[in-house]
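Starting from the given sequences, assemble the full structure and let the hints guide the process.
Given next are the chains, with one letter for each unit.
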Amino acid sequence: SQKIEQNSEALNIQEGKTATLTCNYTNYSPAYLQWYRQDPGRGPVFLLLIRENEKEKRKERLKVTFDTTLKQSLFHITASQPADSATYLCAYEDNFNKFYFGSGTKLNVKP
Amino acid sequence: EPEVTQTPSHQVTQMGQEVILRCVPISNHLYFYWYRQILGQKVEFLVSFYNNEISEKSEIFDDQFSVERPDGSNFTLKIRSTKLEDSAMYFCASSDSTGSYEQYFGPGTRLTVT
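Respectively, the protein sequence lines represent chains G and X. Using this note's numbering, read the first sequence as starting at 16 and increasing by one per residue. Using this note's numbering, read the second sequence as starting at 463 and increasing by one per residue.
Since the hints were derived computationally from the structure, they do not count as laboratory data. Treat the hints with caution; some may be incorrect.
Okay, derived cross-link-like pairs now, DSSO-like style, lysine-lysine, Cα gap no bigger than 27 Å in a straight line [claimed, not checked]: (1) X:Lys504 <-> G:Lys125; (2) G:Lys74 <-> X:Lys504; (3) G:Lys86 <-> X:Lys519; (4) G:Lys113 <-> X:Lys540; (5) X:Lys519 <-> G:Lys18; (6) G:Lys113 <-> X:Lys519; (7) X:Lys545 <-> G:Lys113; (8) G:Lys78 <-> G:Lys32; (9) G:Lys18 <-> X:Lys504; (10) X:Lys504 <-> G:Lys86; (11) X:Lys504 <-> G:Lys113.
As structure tokens, this is what we get:
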């Protein structure tokens with residue numbers, strides 16, 4: 016069965032640096048991947064979607080890449096700020112309307 | 463900006479009791495979802511709902527669970543006989559199309575089963 020994996024270790028970086036988070040999947044390439052942000056005790060908030068035929072997607076300081084050869088998506092936050100500190104989740108849709116989330120990577124941006 | 467709302471924010475119940483968690487999705491959305499997140503663990507898909515019926519459900523969504531859209535605005539999740547392991551945060555989400563578009567999540571209901 017398909018698995019989606021994220022680095023469970025927290026990522027600690029200095030303000031102003033670029034944060035890079037990884038999402039790996041096994042087996043088949045999903046048609047798209049989504050990235051969400053989750054703050055403690057709150058629901059996930061959608062950030063970006065990238066389709067399998069797109070190499071890269073950008074939104075302001077965010078960039079997502081999708082490499083079907085490596086079976087991997089990378090999520091970048093440039094010029095990171097302490098306010099970017101949160102847990103970032105990747106997700107995909109398996110069958111029609113059935114979704115799987117990764118365990119998330121916690122990002123800590125230090126001032 | 464429209465948002466998904468959920469009530470109550472926190473529900474405490476005794477094992478074996480029935481609970482109903484309520485959600486009001488965004489009004490023009492067509493697809494509705496329930497997820498749960500046990501403390502410190504990943505967000506887990508429970509069920510999706512479209513056109514007044516279940517589209518997909520996970521292995522977690524057994525006979526103890528049911529969903530309903532009773533009045534065209536509310537979307538409810540019922541757990542018939544709660545177990546200790548049902549303690550979790552339950553999130554409702556909605557989207558205006560299939561998952562190729564973003565899901566809007568509610569703030570969640572924290573369910574504590576004692």
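Broken hints, by number: none
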